[in-house]
Each structure stands twice: as C-alpha cells, then as structure tokens.
Amino acid sequence: MTLRTTLLLMLAAWGSDMRGKTFLQKNAYFMSKLLGEDLGFRPHYYGPYSPKLEMALGELRGMGIVSESVSTFGVVDSAGFQRKRYDYSLTADGRHVANAIQGDLKVESEAIDMAVKKIKRAGGDMGYWSLAVAAKTHFVISASGSSLSEQDVVDRAEGFGWDVDEKQVCEATEFLGRLELIARD
Amino acid sequence: MHGFIELAKEEWDLVDTPVFQRLRGIRQLALASLVYPGATHTRFEHSLGVTHVAGRMARQLDLEPDSQKLVRHAALLHDLGHGPFSHISEEALEILNTDASSGSSLPIHEAIGHRIISSDEQIGRHVSPKYAEEILEVLTGSAETTVMTQIITGPADADKQDYLLRDSAACGVEYGTYDIDRLHNTLCSIEDKFDTYIAFTYGGVEALEQFVLAKYYMNSQVYSHRVRRITDAMILRALQLGTEVDQIGFLRDAFLYSDDDAYLQNYLSCDDLRIVSEARGPNWTGTWFAKIFAKLSERRLLKEVFTTRVNDLSSDSLRALVEGVKPEAKKGIEDRVADILGCEAEYVILHEYSIGWSPKSSESEIQIYDGNRGRPFSESSTIFSTVEEALQERWLTVYAPRDSDESTAGRKLAASRHDRIKSEIETEIRRHAGGGP
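As they're listed, the protein sequences go chains A and B.
So that you can map any letter, position 61 of the first sequence is 61 in this note's numbering, and since no number is skipped, the others follow by simple counting.
So that you can map any letter, position 68 of the second sequence is 68 in this note's numbering, and since no number is skipped, the others follow by simple counting.
Hints in this document: simulated from the structure, not taken from any laboratory.
Possibly wrong hints are sitting among the right ones.
Unchecked claim - With a Cα cut of at most 27 Å, we get these calculated DSSO-like pairs of lysine-lysine:
hint, chain 1, residue 1, chain 2, residue 2
1, B, K331, B, K291
2, A, K84, A, K106
3, B, K330, A, K52
4, B, K303, B, K412
5, B, K326, A, K52
6, B, K160, A, K106
7, A, K52, B, K160
8, B, K412, B, K326
9, B, K422, B, K412
10, B, K303, B, K330
11, B, K291, B, K412
12, A, K120, A, K167
Claimed, not checked - Some residues of chain A that are not near chain B, with every Cβ distance over 12 Å (derived):
hint, residue
13, G15
14, S16
15, I65
16, K84
17, Y86
18, D104
19, S130
20, S144
21, S147
Remember, it's a predicted structure, so these values are computed and weren't measured experimentally.
Just so it is clear, CB atoms sit at the ideal spot from N, CA and C, and this is done for glycine as well.
Please model the entire structure based on the sequences and the hints provided.
Here is the structure:
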C-alpha cells in the first residue's frame, strides 16, 4: 500500500476537515505508531515531520482527490507575519475513490479506521500546539529507549531544538497513555 | 555565470582527477539542446558554480574556515555520481533495479556518488578517508550542524541557485533569473543550543519569492517543456530496451547495479558521448537502442498524441492511480495505443508527471527569521501557495510516432483518436487495479 493510499484512508477515516498542516502531520505520526508503520517521520523544527507524507499530500491534491483551503488570521505581529492555516479534506472524487479502496483493502482500511477512532477518543482533536508537544514527547521517549522523567524529556527535547516545559510534557504523557503508546509509572 | 571563480589548490587537485573531468561529458539537461540549442552545458561547470555559490553562502553565514572549506569540497563533489544524461540515468537505474537496492536508504545514483568519494583512488590521493567521511556527512545531513547540509541540499541551496541561473542563460531564456546578491545579503542562520539552521531575514522575502517564481517558470517552461519531456522519455526507453531487450553488454554492465568496484568502473566508463557513439556505431545496428537514438540524432521525435490532467479522468481511474500506474497497466496501455496508431509498441511511451515538486526542495521548509525565531516562509509569502499548487498538478501523456496532419480531416482524426486513447487508458488502468472493465 503506498503512502498516498494510507493518507487517503486516514483522511476518509477522520471524516471532517483536518485543520492545519501540523494537525495532519502529528495525527498521521500517531497513526503510524499505532499501526507500527514507518511513514518517514524525522525530527524537524516543529516536531516529527514526514517529507514523504507532505509529498503524498501534494500528489493527492494534484490529482484532485484532496482539497486544501487556506484561512488567514490577519497580521499578528509587528514583523508582518500573517498566520495561516491550511485545512485538508477529500473532494467528491476523493470520497468516491476512498470508498472503492476501502472495499478493496478491507483489512488495512479497518486498521486505519480503528487507529483514527482511538486517536480521536484519546483527544486527537486537540489544538495543533498540544498535538505537536505530544508528538515531540513521544519521539524523545522512543529515541531514548528507557524510562524518562518529565524533566528528562524537557532536557532531551532541547537536544532536538524543541522548547517544551514539564507541564506540557505531563499533559502530553496523559494523552500518550490514553493512546497506549507509552506506559506511565 | 558568476564572473571569475577562484579555487584553492586542493580544489584544483580534485578538479584534475579523471572522475571529476568525466563530468565534462555529462550534459546538465540531457538533449534539451534539441529545443534550446545553447543548452549544451555540462555537470562540470555546474559543479564549479555550486562550489562558488556554496562558498559565498558559507562566508555570509560566517562559518569557521574549516567548515567553509568542507562545504566547498562537498559542493564540488556533489554530482560525481551522475550517469549519462544526468537525471535520465537516475530513472533508468531505479527502473532496471527494482529487485536490488543500494544497500542503504539512498537512491542508487546517490550511493554511487558516495562510493566514488569514499573509494576512488584518484580522489583518495587528495582526500583522507576521515575527510571523505566528513564530506559524506555534509551531503547526507548527518554533519555536526544542519546548516552545512542545507547549503548544499535544501529548499534554497547552492545547487538550485546555480542551475536556475545557468540553465536559464544556456537556454537563452529569462525565466530562471532572480536577485542572487539580495538573497545572499539576507541569508542568516538560526541557532539553538545544539544546532544551526539556514534562514533569511524578513527583508529577503521578496528575493525568495523571486527565487520561487524562477524555479516555477523554469520547471513549467523549460524542464517540463513538451519536447524536452519527449526526448528524455525516448532516451530512457532506449536505455531500458537496450539493457532488457537488446541485452547490450556495456549497458547491462553500467545500469544493472552491483555494489562493487567492477560495477563502478563500468558505470564511470559511460558518459553521454559514449552512449551516443555506441548507438551510432556498427555494433548495435538494428537494436531498439540504436533505432531510438537514430531518431533522436535526426530529430525525428515522437509526438504528444494524448495528454490529460489526472483529475480529469473518471473516479474509477483515479482510484487505481492513487497506487500509481502499474508496469503491467503501462505496458497494456502502450500496446493498445500502438494498435490504434498502427505503430510498434516500443515507440509508444506513457508518461505520468507533475511540473516539479519534491519534499527535498519544498519552500515550505524555508525559515524567515523574525528577530526572535524562525517562521515558515509560507506565513510571509502571498504567492507561495499558488505556485505550490501549480507545481503539484499531475498529468498523464502518451508519446508516439505520428505524422502531423493539420487539415480539417487530420484534426478530426486526431480528436477521435484522443477519445479512443483516453478510453483505452481508463480501461487498462482499471483492469490492472482489479476494477475490471
């Protein structure tokens, strides 16, 4: 199954718009961990990021299967940076294609469905910033291969260039615990 | 391109090695000269240009002298692994070696380049094994700081900066021009406790937009020019048939990858000139390899007999294309189109492409420094999204031999053939996806 198909099935399972690139990337990260699949995530300024996923998203957009809508929030700082959010959803063609693929790839499709439901139940609909912290926290814990305190996570995250605090890590580990991606002592 | 370029002694030593001199025989844009007659520039001068630009960037970023030297050497050697006709060889290697891998996560041509840097005897006279490893760390992104890698391979790297200007000048177009001085003037870095990244100050946003537009226009008007796509597809087909069907020895030796020194020597013995002279020589008369190259030499090119945006196909076909056009479907389509047109299937080529976008070069990764931290370029650029969308649009085309007939009857025939070809494509795609006709 190609990454394009995986991403398409994830969008179909999500059901509604995925609000923002970070939101999409981080939820895809958690889905990949639940499924045990390598979707090409690597450390990045904003947390684990998959360039291959970005490319697959672009290809699905280029095929007219996924639509992107841009929301702007006005000028937010004196430097003139305008905050934007890119939302993604399936087009009518995309929904038709997803239905057909779900019929052909029942096992894979159901696994993705279950993973997405689990993420949503655990709170995967939270804001993109909290999701990003959760993804960074999971990445740091996975990379260490051992038990870490919240302070340890903060210190090691700094090594990846990530600025998180203990309170954020605590909330993140609760979310990760609900996902059963980590065990809390 | 850049006025006078200065090289240090050790850089001249590397330039004077046979493996670097070989780059004089590999054209940057393959046979784009059939469209733009001036496009005969080679990987040799491009590599020198990238070295110069990388050196400028490293100085602007105030890197330590040793780091500046390392970045220049990595830039100088970054294209050593290119095969005949540049990117066409990359594609040929991937197509002809689906059961093999480079032994790492690298594409085969990159693995070849890295092997050259670490084991070529002549390079080894000027570069110690430890230093070769440092060069490879810069090229693969595992160096001490990210900034060194980003100078060579990143969204606004020295490679792109050189080839946009060089290709534009060689082709005699203005599309690839941008203000490189302003770009460098606004280049900066963002540091945290453990790493350093490339960024641009806010004053560089317009120069970056110009750069992004240059890349878009070069992609859409030159790199994806219809005739260029056709010549690239014909070269690839010739190499593929020459290796797999004609079973030509030197092609098999060069394109059937093996991770050993003997393979490397065979690969390095091939450049554009060798391929063309072998094709036109007496040894391979009557082979597909020779026949296709004869067409190229005489500019009897295939024509674009069909083209469609992928999202103009039916939903059922889209469903199959999500997984990509399977080789069996491609073969089936080419056979059916050959029947419709009354020509040999070896001359029919199905090509799926987008104008040009990849995560390695996505401008979404460019950071703009706001005085405090880095912010994505997309937050400060109004044109970025529009360009990105255009670059991602996917197309499906078919190239085949066809005499052009501009009469009314000829145009009617072409239109009815177009509809038949579209129908056959959709049928074959669905058939091989399991959707059935």
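Status of each hint after checking the structure:
1. About 20 Å separates the Cα atoms of K331 of chain B and K291 of chain B, which keeps this hinted pair within 27 Å; it holds.
2. Distance check on the hinted pair: K84 of chain A and K106 of chain A sit about 36 Å apart at the alpha-carbon level, beyond 27 Å; violated.
3. For the suggested pair K330 of chain B and K52 of chain A, the alpha carbons sit about 24 Å apart, so the restraint of at most 27 Å is met.
4. Annotation: proposed proximity of K303 of chain B to K412 of chain B holds, straight-line Cα distance about 17 Å (limit 27 Å).
5. Using a Cα cut-off of 27 Å, the hinted pair K326 of chain B and K52 of chain A holds, with the two alpha carbons roughly 20 Å apart.
6. Of the supplied pair hints, the one linking K160 of chain B and K106 of chain A is violated, its CA atoms being roughly 44 Å apart against a limit of 27 Å.
7. Restraint check for K52 of chain A and K160 of chain B: satisfied, since their Cα atoms lie roughly 20 Å apart, inside the 27 Å limit.
8. At roughly 31 Å between alpha-carbon atoms, K412 of chain B and K326 of chain B are farther apart than 27 Å, so this suggested pair is violated.
9. Of the supplied pair hints, the one linking K422 of chain B and K412 of chain B holds, its CA atoms being roughly 16 Å apart against a limit of 27 Å.
10. In summary, the hint linking K303 of chain B to K330 of chain B is supported, as the alpha carbons are separated by about 18 Å, within the 27 Å threshold.
11. As the CA atoms of K291 of chain B and K412 of chain B are separated by approximately 31 Å, the hinted pair breaks the 27 Å bound.
12. Between K120 of chain A and K167 of chain A, the direct Cα distance comes to roughly 22 Å. Compliance with the 27 Å bound is thereby established for this hinted pair.
13. With a closest Cβ-Cβ approach of about 19 Å to chain B, G15 of chain A is found to remain outside the 12 Å limit, as its non-interface label requires.
14. Every beta carbon of chain B lies more than 12 Å from that of S16 of chain A, the smallest distance being close to 21 Å; the non-interface claim holds.
15. Residue-level check failed: I65 of chain A sits 6 Å from the nearest beta carbon of chain B, not beyond 12 Å.
16. The claim that K84 of chain A is not at the interface with chain B is violated, since a C-beta of that chain comes within 12 Å of its own (minimum 6 Å).
17. A beta-carbon of chain B comes within 12 Å of the beta-carbon of Y86 of chain A; the shortest separation is about 8 Å.
18. Residue-level check failed: D104 of chain A sits 6 Å from the nearest beta carbon of chain B, not beyond 12 Å.
19. Listed as a non-interface residue, S130 of chain A keeps its Cβ farther than 12 Å from every Cβ of chain B; the least gap is roughly 19 Å.
20. S144 of chain A, annotated as away from the interface, keeps every beta carbon of chain B farther than 12 Å; the closest lies near 16 Å.
21. Every Cβ of chain B is farther than 12 Å from the Cβ of S147 of chain A; the closest lies at roughly 23 Å, confirming the non-interface assignment.
Of the numbered hints stated above, those contradicted by the structure are hints 2, 6, 8, 11, 15, 16, 17, 18, listed in ascending order.
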